[in-house]
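Q: Given chain X's structure and the hints, the job is docking chain Z onto it.
Chains as they are written, first to last, in my numbering: chain X, 1 to 275; chain Z, 1 to 325.
Errors might be hidden in some of the hints.
Stated by the list, open to error - Computed from the model, here is a short list of chain Z residues facing chain X with C-beta under 10 Å:
#1 Phe-48
#2 Leu-60
#3 Leu-66
#4 Leu-67
#5 Leu-129
#6 Gly-133
#7 Phe-156
#8 Leu-158
#9 Leu-208
#10 Pro-230
#11 Val-233
#12 Leu-308
Unchecked claim - Per label pair, the in silico range of CB-to-CB distance:
#13 X:Thr-70 - Z:Ile-119: 32 to 40 Å
#14 Z:Ala-42 - X:Tyr-24: 55 to 63 Å
#15 X:Ile-173 - Z:Leu-45: 20 to 28 Å
Simulated from the structure, these hints should not be mistaken for lab results. Ideal Cβ placement from N, Cα and C applies to all residues, glycine included.
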Amino acid sequence: MSRVRWGRWLLALPMAVLALATVYPLVFTANVAMKTRRDYVLDRFSLVDSLRWDNVAAAWNSVGMARYLTNSVVVVTVSVLLLLLFGSMAGFALSQLRFRGSSVLFLCCLAALFVPFQVIMVPLARIMSDAGLVDTYPGLVLAYVAQFLPFTIFLMTSYYRTIPPEIIDAARIDGNDVYGVYRRIMLPLGAPALLSVGILNALFCWNDVLISLLLMPSAEHRTLMVGVTSLRGQYSADIPTFAAGVLIAAVPVLVIYLFLQRQIADGVAAGATKG
Amino acid sequence: MPVPEAAPSVRPAPTGRAGGTPPRSVPPAPTVSRRGRGGRRAERLAPFVLLAPALLILALLRFWPLLLGVNFSFTGDGDRDGLMVGLDNYRELLGDPLFRDALGNVGLLVLLLPVAVAIPGLLATLIYLRVPGHRLYRSVYFFPAVLSPVIVGAIFNLLLAFDGPLNALLGGVGIGPVDWLGDPDVAMFVVVGVHVWATFGMALVVFLAGFATLDASLLDAARVDGASLPQTVRHVIVPSLARTIQFVFVTTMIGMLTSMFGLLYVMTSGGPEGSTYLPEYYIWIQQGQMNRPALASAASTVLFLIMLVVGLLQISLLRRAVREA
Chain X
1 MSRVRWGRWL LALPMAVLAL ATVYPLVFTA NVAMKTRRDY VLDRFSLVDS LRWDNVAAAW
61 NSVGMARYLT NSVVVVTVSV LLLLLFGSMA GFALSQLRFR GSSVLFLCCL AALFVPFQVI
121 MVPLARIMSD AGLVDTYPGL VLAYVAQFLP FTIFLMTSYY RTIPPEIIDA ARIDGNDVYG
181 VYRRIMLPLG APALLSVGIL NALFCWNDVL ISLLLMPSAE HRTLMVGVTS LRGQYSADIP
241 TFAAGVLIAA VPVLVIYLFL QRQIADGVAA GATKG
Chain Z
1 MPVPEAAPSV RPAPTGRAGG TPPRSVPPAP TVSRRGRGGR RAERLAPFVL LAPALLILAL
61 LRFWPLLLGV NFSFTGDGDR DGLMVGLDNY RELLGDPLFR DALGNVGLLV LLLPVAVAIP
121 GLLATLIYLR VPGHRLYRSV YFFPAVLSPV IVGAIFNLLL AFDGPLNALL GGVGIGPVDW
181 LGDPDVAMFV VVGVHVWATF GMALVVFLAG FATLDASLLD AARVDGASLP QTVRHVIVPS
241 LARTIQFVFV TTMIGMLTSM FGLLYVMTSG GPEGSTYLPE YYIWIQQGQM NRPALASAAS
301 TVLFLIMLVV GLLQISLLRR AVREA
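Extracted from the complex, chain X is given alone in its bound form (with noise of 0.2 Å):
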């Protein structure tokens, strides 16, 4: 027995090597942000011992990082309504309604999960912006929905399957007609996966760059991740000031995941069981 808990503990200690090795990066940024150019040349590693705020005031007000956030958060909070939307009405037709065609229309969705972007961003490119949608919102919106609506309807339809009949049978005899049970039943009963889909399709579209970087060019439309990349070139020489941008594109992912950590990872654990 005591054999078993020695050899416990000494597998404890590389991973938690590895533990700090996950967060070290990102503290060692933030506490760069907080130091002076010269106390950051003088010594990279020592830790801070009060907080200065001057290089993220510098950073935040130097880039335009204010219009690149406002832009990821239209973006992104739309993106998402849709998605929610379009998914949760596709995963009710195909989990509970039945209609001749219903196991194909879900194998087409299935299939579209299996076409990465980078196969087909060049003619996307071309179709928005023959559509004249390139660099503008709605543009990159339905960019974003066309790439993660398989995702979303895979994952409700699985969801809604496990809601039971009788309860849609009921609704019914009370009068709801198909779209009744949806808005009344479906919407209300799937809130927990629509959280959890919804949460991790934030992330996906806050964290993109290459769709981002392909449907918006111009520097006024930039989101934050595309933002952040233009960071660098700025403050090559100015490090503590780089590392406050970071912060701040950092930070409210970081609050998310602090606060919704179990929805996040229940939703890529449901991703892969419900295949």
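A: The following block gives chain Z in isolation, referenced to the frame of chain X:
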């Protein structure tokens, strides 16, 4: 494997809700008469109305571009825009040293794949076996997975700079300095390492979800028989988790082929000397910088084929490995 899958998909006695006929156990007359004939037709169309936005978007912005792209890869760029040029683009691709570098790096990714899967697999095993502090590790390990590759790349740019902190640290013990992102022999390994650092938490969560379905009595039996940890892993855990392992292999490979763009864009821009090119970066450069959309489409088609082959190959290899175990 999932618990909720079996029950609802094999639902007993379909009650034909979509057709508008209520279940036999209740009197059908009132509902039907209330809806009337027009209502019936609306009911029949309802599934398609609900599916319409999703299908329209997927058809127009996923499947149509896929076809368009394949077709596009057989046409020319620039002066020959729109003209059919047969396999010219593919010939040019194979002759382009940058694309060959990209393909070589795909080979490297395939070789590194077992490591990228084994790390989260091993950690998940230890967490499942309740190493002290397992709850904390679970949430700490997952945390980089929520960060954008752009942020991860920027942070590591900082850490790995030639005059940066890591080299300063190594210099303190007499090693280096290593030009992490500037040495063509090192840069690709560094980028893949950073990618693994950023994503192993995802695979870890998937593994843990697989462990949740594991039959605990098998593990108890192994313990009673006096099996060591490596023996338990090899003879109990690996065979029972075959599907999860297969899933992680495929998704990790797909992740390496399609979600390293942000890192490459921020950390190396494909350099030094093209040593960190991957097909996705090549596609981006040809489309965005070189104005060669048709050539980029050919590269896209090649990438799609690679993903198809890798996926099928891995599934068949793993099937055989599991059968022999």
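Q: A separate judgement is required for each hint: does it hold in the structure or not?
A: Hint check results:
no.: 1; hint: Phe-48; result: 7 Å, holds
no.: 2; hint: Leu-60; result: 8 Å, holds
no.: 3; hint: Leu-66; result: 5 Å, holds
no.: 4; hint: Leu-67; result: 8 Å, holds
no.: 5; hint: Leu-129; result: 8 Å, holds
no.: 6; hint: Gly-133; result: 6 Å, holds
no.: 7; hint: Phe-156; result: 7 Å, holds
no.: 8; hint: Leu-158; result: 6 Å, holds
no.: 9; hint: Leu-208; result: 7 Å, holds
no.: 10; hint: Pro-230; result: 12 Å, violated
no.: 11; hint: Val-233; result: 13 Å, violated
no.: 12; hint: Leu-308; result: 8 Å, holds
no.: 13; hint: X:Thr-70 - Z:Ile-119: 32 to 40 Å; result: 39 Å, holds
no.: 14; hint: Z:Ala-42 - X:Tyr-24: 55 to 63 Å; result: 60 Å, holds
no.: 15; hint: X:Ile-173 - Z:Leu-45: 20 to 28 Å; result: 21 Å, holds
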